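Enquirer: Here are the chains, one letter per residue:
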Amino acid sequence: MNVETKRWLESLNARQREAVLAGDGPVLVVAGPGTGKTKTLTVRLAYLLAERHVAPEALLAMTFTTRAAREMRERLERLIGSQADRVFLGTFHSFCFQLLKAEGHRLDLPPDFGVADRRDQITIMQRALRRLDQPDTRTATQRKLHEVIAFRNRQANIEPPVDDAGPAEIAEAYQRQLRKCDLLDFDELLFLGVRLLEGFADVRESLRQRYAHVLVDEYQDVDPVQQQLLRFLAGDRNRLWAVGDCDQAIYAFRGAESEHLLRFEQHFPNGRVITLDQSYRFTPQIATAASQIIRRNASRRPLTLNTANESGSPVHVVNFPDEQAEAVWIVRQIEERVGGTSHYQHYQGQVTDTVSRREQSFRDVAVLCRLHALTKPLQEALRNSGIPHRVVGEARFFDKSIVKDVLAYLRVIQNPHDDSSFAHVLNRPPRGIGGQTQAALEAEAEQHGFSLYGALRRSVVLSSSQMRAVKSMITLLEEVQRKTEEKSLSQFIAYVADVTGLRQWRIDQDPRHENDLLLLRSIAAKYDEVNTATALEQFLEEATLAVEVDDYDASIDAVSLMTIHAAKGLEFSEVMLCGIEEGSLPRENGDIEEERRLFYVALTRAKERVWLLSCRSRFLFGERRDRDPSRFLQEFDDSLKETTVMPDRPRRSKPEAEQLSLLG
Amino acid sequence: MSFIADLHIHSRYSRAVSKDMVPESLYRWAQLKGITVVGTGDFTHPAWFAELQEKLEPAEQGLYRLKPELAAPVDAGIPESCRADVRFMLTSEISSIYKRHERTRKVHNLIFAPSFSAVANMTDKLARIGNLHSDGRPILGLDSEELLRIMIERVPESLFVPAHAWTPHFSVFGANSGFDSLEECFGDLSPHIQVIETGLSSDPPMNWRLSQLDGITLISNSDAHSPSKLGREANVLNGDLSFEGIKAAFTSGDPALFQGTIEFFPEEGKYHFDGHRNCRVRMSPEEAGAHDDACPECGKPVTRGVMHRVEILADQPAGHRARRALSYRSLVPLVELIAEVRGAGVNTKGVTEVYHQLLASLGNEFEILMNVPIAAIEENAGMLLALAIQRMREGNVTIAPGYDGEYGTVRLLSQEDRQSHASQTSLF
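Protein chains in written order, with my numbering: chain L, 1 to 664; chain P, 1001 to 1428.
These are calculated hints, taken from the structure and not from any lab test. All values reported here derive from a predicted model rather than from experimental measurement. Heads up, the beta-carbon is just placed ideally off N, CA and C, and yes, glycines get one too. You may find that some hints are simply not true.
What the hints assert, rightly or not - Calculated pairs, PhoX-like style, for lysine-lysine (alpha carbon to alpha carbon, straight line, at most 20 Å):
| no. | chain 1 | residue 1 | chain 2 | residue 2 |
| --- | --- | --- | --- | --- |
| 1 | L | K487 | P | K1055 |
| 2 | L | K400 | P | K1125 |
| 3 | L | K101 | L | K180 |
| 4 | L | K607 | P | K1019 |
Stated by the list, open to error - Sample of chain L residues lacking proximity to chain P, with all beta carbon distances greater than 12 Å (derived):
| no. | residue |
| --- | --- |
| 5 | L303 |
| 6 | G339 |
| 7 | R363 |
| 8 | R390 |
| 9 | M467 |
| 10 | E514 |
| 11 | A524 |
| 12 | K526 |
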């Protein structure tokens, strides 16, 4: 055995080594959180290349996220160098994309097809609906898109069948429109990949010949379509090497079936199962608590996490009177973790000396929630505190409502025939032109071949009061357009937002829109020195492209705020779990085992410290409710936890009431 | 012609800052103090930036002035003796909190920018990185080196200056937050750091003791959070009254362009010595060393002050003069002197009244502190204040050094002084 390979193998524990050295397969590696799953998979690849002399082109490794694929490729490169480039290491989607690029002509796909993103999907669905004379407002479109996706999934057996026929007609129209633009949507990549392998034995056979080994990450998350794909690829040679953890299966709602992981031996009677339970991630307290909790699930494989790590602090369980108290506490706690964020805190004695010597920064802390909605008060508190944080999945700046409004106005001013922008501003602020009228107007325009702007003046569908509103808006826009050159771009933006009534309308909804508007102006100010028409053009181009830019930058040190689902596969030194309450985790009517897995996944994101936070009362979805701490908090030993109950806030109204009675 | 610049201040949009920090007040107080160029501070804050764009207009290259219609009513309330032109320079401070080399770092840096569009170019990028709304001095999870890189890429004509370089909790050399060298903090980009701000608790001779700062120009600013604190430290310049002129003076450190700095007595700064504020324990570096840096009262670690930190990093003996050494003058704010003479608090009505009367008869505060003949001061303000100012000018002061966030206390007069001048009549 080569010296290098020996070194890699020595860095593994016995079970990991067993998994790496296993024969051709099928092999299932059951890997608990923090047990070195990625490392094991990567060394397996390296071992096959270096010791079993498998050609890199004969290796196929599938992951669920590009993040995981990237991480594995980097590791593999460190182990074996540039050969790593020739291994297929990517997501199911990227595999199908490449397959369809090469062989899609057999399904009559154009060679230069593109992939539709979410925005394209909406636009295309809108067109489809228009063709079918159905309402195509944004909400209606989004709803139909969801329905069509669910319908297709049912057809592909990803989601359980329902009785009614489903929107077959719309699905077909949508498909036609997609194809007209030479686009495939995300799900279609997989469907068509499977259809290709199913329909063309020669393609199937050549892929089976080519890939001597098929490795799969996150096996518990594989859905039926992906499962089918794997079956076609691995074929009867059974060279499947899968790693997964049924306790971390939290995607049942997307059609994932951990069934094939649980019944691996039935599917593959000659299969081998290796369990990794030695965890390197967390303290014994976290490992034990997590194991005790998940043990209550029935549908799982036995796995108790072990760790040789140093003993740490207990699991902190904290109960608050309400979500405001919870948010304030979290902010203060984060400030303490980094030893204070301002001199002011030091003067106020808000930061204790002992904590200020800790070596934590913002990136070491994550706040996880079941639902985004639970994080609203916290987001507000974090914003006010100035603590850098990133809300994973949050709308990007150019997608914020007032920003979109202003940009739409600017586009209309630049080109009144820009229909989608015109439609956007028509009733923002409200001018008495509702969705139905707007749809009628759009139909009218399409019928006569006018733009919306052109159609408005001649419209017969508007009532006289609507007509008046529209006319005054058009007069206003023409007036604004004439003023373009009198102002710098940043002044012009302020002017547009003011005279159209947009600013006041948005601020009445939420004063924070003012900040977004100011920020937009300060971004625009860099064009202030060129003439405004040119500035407008350049600025709009920038704003359009910015939508495509990924603003997420991992080099920024920030507290992460995300759902438990989004946190899967990540780890943080310190994790605060919010809303550990009956009704949120577990949620009402949820499958209790899936809910427990979610809790388990959340808990096992923490390396050093974890806080389980709950409130006695919470304002959520428009109403305030009393809340009970989650039953999961009772599912691990008291000796592992430290419980704090924060007292109710002092009621301010009380002394006044007493005074009144004294006077009386 | 020489002029004074104070470039690090904060607006009312920053935490713990007076509501009175608005362009009009800055304009007024710059005149009362004798400052020609005042920083705007906080240019990253969208509302403040909008206010600046609305109220200022371009003056000399890279500098701005308050619009005449806003300046006129302010001028009416300023004594003739103090009236002067005031220019604004677009400046901002950014708090970077991040991990580097496995330790949490908290470093404040200043950026001086030459135009509104340069600022917009910078904030455009920063707004995508963090929250600029909640604080005029935003906290960004951005490595100082990255911040510098962004500035160099976006607005290379700007100037980047590590702020109050020695303060323990938030600075490039800070004991609890910083680095041992500029290279460690700024990596390959460290040659771009040509200027640092010394902060209240250190003065030039302390900085001269580090040979790594030999080629670095030391500047001083007030970091004022209220208008009356403007100019408590500042820079005396001789070159062109323009952004380029000031930048050249700073980056070259040429004494023909940059005469030197106006300083606090460093002992008066609130992190000069070591100590533990809660237990009211103040210690010199030697005393702290003798106690293993622990508070003798409670045993907790003391906050290591600037003096101690300098001694740790110093590789030159006390008294060494750096290659770029400029001259400097240490001053005590005039209100503090008046307060001492009167035996009253600095914020009392009587002290404020006397302060403004003196300004009206003798000229701006820097004039009084540095240039007005002692005889003229005595004539207008009495023997005791004249004596105090004379002693300050001679450096003949007694100071209980500041520590762990507590300002040092300065004394210029003794009991005997008071007795021997008790009978005189004066403003006091």
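Enquirer: Now look at each hint and say whether the structure bears it out.
Expert: Results for each hint:
Distance hint between L/K487 and P/K1055 is fulfilled; the C-alpha atoms sit about 16 Å from each other, no more than 20 Å. The suggested pairing of L/K400 with P/K1125 holds, with an alpha-carbon distance near 17 Å, which does not exceed 20 Å. This hinted pair checks out: L/K101 and L/K180 have alpha carbons roughly 17 Å apart, not beyond 20 Å. A distance of roughly 44 Å separates the Cα atoms of L/K607 and P/K1019; the hinted pair therefore is violated under the 20 Å criterion.
Against the 12 Å criterion, L/L303 stays outside the reach of chain P, whose nearest CB is about 32 Å from its own CB. The non-interface label for L/G339 is inconsistent with chain P: the shortest C-beta to C-beta separation is roughly 7 Å, within 12 Å. Look at L/R363: its CB is around 7 Å from the nearest CB on chain P, not clear of 12 Å, so calling it non-interface is violated. For L/R390, the non-interface assignment is contradicted: its Cβ lies about 9 Å from the closest Cβ of chain P, within the 12 Å cut-off.
At roughly 37 Å, the least C-beta separation between L/M467 and chain P is larger than 12 Å, which holds for a residue marked as non-interface. The Cβ of L/E514 does not lie farther than 12 Å from every Cβ of chain P; its closest approach is about 8 Å, which violates its non-interface assignment. Its closest Cβ contact with chain P, about 7 Å, brings L/A524 to no more than 12 Å, contrary to its assignment away from the interface. For L/K526, the condition that its CB be more than 12 Å from all CB atoms of chain P is violated, with the nearest at approximately 4 Å.
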